[in-house]
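Novice: As a plain string of letters, each chain reads:
There are 2 protein chains.
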Amino acid sequence: MSSLEPVLIAGKWRQSTGEEFFQSANPQIGETLPEKYPVSPWSEIEEAIEAAAEAYQQLRRVSPERIAAFLDKFADRIEARREEFVQWANSETALPCEPRLNSVELPRTTNQLRLGAAAARERSWCQPVIDTANNLRSCYKAIGPVCVFGPNNFPFAFNSAAGGDFASAIAAGNPVIAKANTSHPGTTRLFAEEALAAAEETGMPSSIVQLIYRTSHADGARLVAHPLIGATGYTGSRRAGLALKEAADKAGNPIYLELSSINPVVILPGVLEERAAAMVDEFVGSSLMGTGQFCTNPGLLLLIENAQTSAFIEEIKNRFSKAPAGTLLGSGVEKSLLAGFDALVKAGAEVIAGGNSAGEALCSVQNTLLQVDGDQFLANPTGLQEEAFGNACLIVTARDQGQMVGILENLEGNLTGCVYSHSDGDDDAIYNEIEPVLRQKVGRLLNDKMPTGVLVSPAMNHGGPYPATGHPGFTAVGIPASLFRFAALHCYDNVRHDRLPGELQNANPTGNTWRSIDGEWSQKDISQQQ
Amino acid sequence: MSSLEPVLIAGKWRQSTGEEFFQSANPQIGETLPEKYPVSPWSEIEEAIEAAAEAYQQLRRVSPERIAAFLDKFADRIEARREEFVQWANSETALPCEPRLNSVELPRTTNQLRLGAAAARERSWCQPVIDTANNLRSCYKAIGPVCVFGPNNFPFAFNSAAGGDFASAIAAGNPVIAKANTSHPGTTRLFAEEALAAAEETGMPSSIVQLIYRTSHADGARLVAHPLIGATGYTGSRRAGLALKEAADKAGNPIYLELSSINPVVILPGVLEERAAAMVDEFVGSSLMGTGQFCTNPGLLLLIENAQTSAFIEEIKNRFSKAPAGTLLGSGVEKSLLAGFDALVKAGAEVIAGGNSAGEALCSVQNTLLQVDGDQFLANPTGLQEEAFGNACLIVTARDQGQMVGILENLEGNLTGCVYSHSDGDDDAIYNEIEPVLRQKVGRLLNDKMPTGVLVSPAMNHGGPYPATGHPGFTAVGIPASLFRFAALHCYDNVRHDRLPGELQNANPTGNTWRSIDGEWSQKDISQQQ
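Protein chains in written order, with numbering that gives the first Met the number 0: chain A, 0 to 529; chain B, 0 to 529.
Hints were generated in silico from the structure; no laboratory data involved. From a predicted model like this one, the values you see are computed outputs, not experimental measurements. Keep in mind that the hints are not guaranteed to be accurate.
When chains are identical, the list treats them as one kind, so a pair holds in a single copy or across two.
To be verified - Heads up, simulated BS3-like pairs for lysine-lysine below, C-alpha to C-alpha not over 27 Å straight-line:
#1 Lys35 with Lys334
#2 Lys334 with Lys345
#3 Lys321 with Lys448
#4 Lys140 with Lys440
#5 Lys316 with Lys448
Sequences are here, hints too, so could you generate the full structure?
Specialist: Shown next, in the form of structure tokens:
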């Protein structure tokens, strides 16, 4: 078995003790790639956990400045090897090298790492709260080793060894156990190589990142439930995510999930009177971008039936039919997309464009629109909210405003919800009626804007009510907020001053750390303030 | 069945449709109180949920000022009826009227309600984060109807219809479904009466609080898992809490638990050299205060074996034996305390003081000390961490510093951990070795101070790692931080300005709301800032 790719545990690349293996495939040409990746047995996973637990103890004595230096160096090293990253990711996912991988996703990834570095350095993320009269001081601190399970659709920006969860976990002071997404293990291995090299260059504990490629379902559950694990970040399918959640919940280990989301887009009547052509462009562009393989892809379009709506639907049908069908991330995505159509049809939807394998490339499905009316939707709201992940959308036409509200009331939790309305206020009455309903169902509410394109901003919420995620109070995107997922609240009561962490001592630890001191946010030292 | 006490649902006191009932008892005289409280059947619980869900929709249109007015008015009304409250609580719990109920717990309770009012009014709790360049704005908002299960040991301050969880849930904009603790249903009913009256006086939705007294275990699980429930706050026994957690987790509903905690107190050798007599006073005082019935009661005392330690233990043994045994909250507490001794003895501990029913009053147990050495503890760390809730403590004597670290490494998650050390630094080396271990096991770390007395401060953390609570990132005490448990993150992306909630509009909504605007915390308007 010497031909299996090595795993990274305790700072060393080494042969896996596993005997089973898997291979990834190039979805563009349908060819299996030559590398063989091991399925790690439990004993190996346990070693990874123990190495991470040791790194966690070491990290408590590592300065935030060094953590920041590591993240910055890691970003630099990724950029230095960017061509190789792009080639690997393209061969494993069929995502285009340009602009997607090289000019969009790779810069986003290194930006996230550098924002993580800046957050670690500034230290405001840990929200020091100081009650000087009672010498009671609290802040957020690292929670412990973090398991990251990355999704198939962002080989860089959500990669378990370099993406948003990784950057957040490390910036908060936690080591990571990266479980590669099995659709791009080679890309993930490259990241882990550069992470280890960056750790060595910056004097970080070498066990700061472990990489395994695959586990059995049972071992995945044992991993997230292990008493030495601090928390888990998971992005992926609902079924696998909920199995991990059950195990983690039972063990009392926090787990943050980003599961499926159909991201309802509501177009109010005034929009089609005002700007139907622009609306078509915007909707079709967002829908088919990246072959629809985004967590925030608009999967449900809701309108009120009338002549303009019919014309609008006709037009997007034409556009969907004419647009080339992109290559999907893999044969699994193709299969589940086609199965999704079947499920929606069974639940009452009609295919009005596409619906079949495209045949153009090996992993490709026709751009697809399905439709139901409001009565049909309300007859089976659960079945009609099955996610069909890819270049497809379900159109729901409501009889009237009242039925539109009823449909929104029946939506599950989603990451996003968009409302397009007339720019001069013609739709305001209906907006005011639907907003309270939609607001409760989504993490991010948009106006006149498509949900794709998740900005990395402190004000972003890439989260939402269950089952879009596991908890509506946390975001997976947006630094520093995403760090909270991987932090515990540490209170110091009457603790002697020189024993306090720097963030809670009287002097501002950096000069620019924001702290809430006796109810006021400031960057001051405490002696100055008093 | 017309003699059953009424439940409060949808703003009306009404006869329960339940046929089963229970009664509470006066633990001081062992007499069953005459009132009969219904066990609510599922249909009634469902009506409570639906009423709360409707109130939740109404509350979205209620100003924070009105919510604050309600909480203030509720506090006033409690004070106006304070003698009745104190009488009821005393008869149901045997807690002393003075100072405990009238001069400590009642003021603490009204203070919490007023702090909740102030937080609602100031609005800083919702942490508005605004990215002006991208018109992306986020803040925390009400999560939905909150179920509150209060504990037996704080009939006022943690009461499900008036305590910390109630104040936090309402201040964040959520209605409450209060499930009374069955040891003090009469006190809880009084609170609900005043809450309803305060709601009517301040023009709040009358369904802002529902009161039920008891459910079957299965219906309790259905309640916390119901899709209309936003979150649950639970304080109580580990077994009942974990059953609710399992149901809520499975449904994807956030639940915050405060379960058992043994609150390790570590006394380092220098302390007994320096101030043994004061240490005895401090320890015995905290241990026996309130007959030991606090979540933060010191249940495990850890020292290093030597002659001074033996003398110290001898002295606290004397003090425990001489001190009068207080009355416990009820016969259930007495029974479980005695069972706790048996379990600890079976696990290897020896009773060195007390250990039996006191016989003085009907619900009373001798002040009890148990002891094990470090080897014994390490042979059965799980069994020796069973909580014996009440006037009892387990002393663990470690052979040396190394074994002390080993014992701390084997501790479960706790709310608090205390370290006493020599004031001139003689214990600093050992402090530095044990601190990293203890820090990871507790929510609040104390120096030279006992854990009892949980200050209501913004810097407090009354939380900790599992199984002390369900998530180490949240606190149940300390306003505004405790409000986060009952809030969801709401992001507004490109939403038109007049459609934004007040907290996210350009003008500061109150003039003194703290907001993070483009990375700076300020109380400014946005036009001023730009």
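Novice: Are the hints correct? Go through all of them and say.
Specialist: Checked hints:
1. Lys35 with Lys334: Close inside one copy (23 Å), not across copies (61 Å); limit 27 Å.
2. Lys334 with Lys345: within (17 Å within a copy, 58 Å between copies)
3. Lys321 with Lys448: within (24 Å within a copy, 74 Å between copies)
4. Lys140 with Lys440: between (31 Å within a copy, 13 Å between copies)
5. Lys316 with Lys448: Within one copy only: 20 Å inside, 71 Å across.
Checked against the numbered hints above, the structure breaks none of them.
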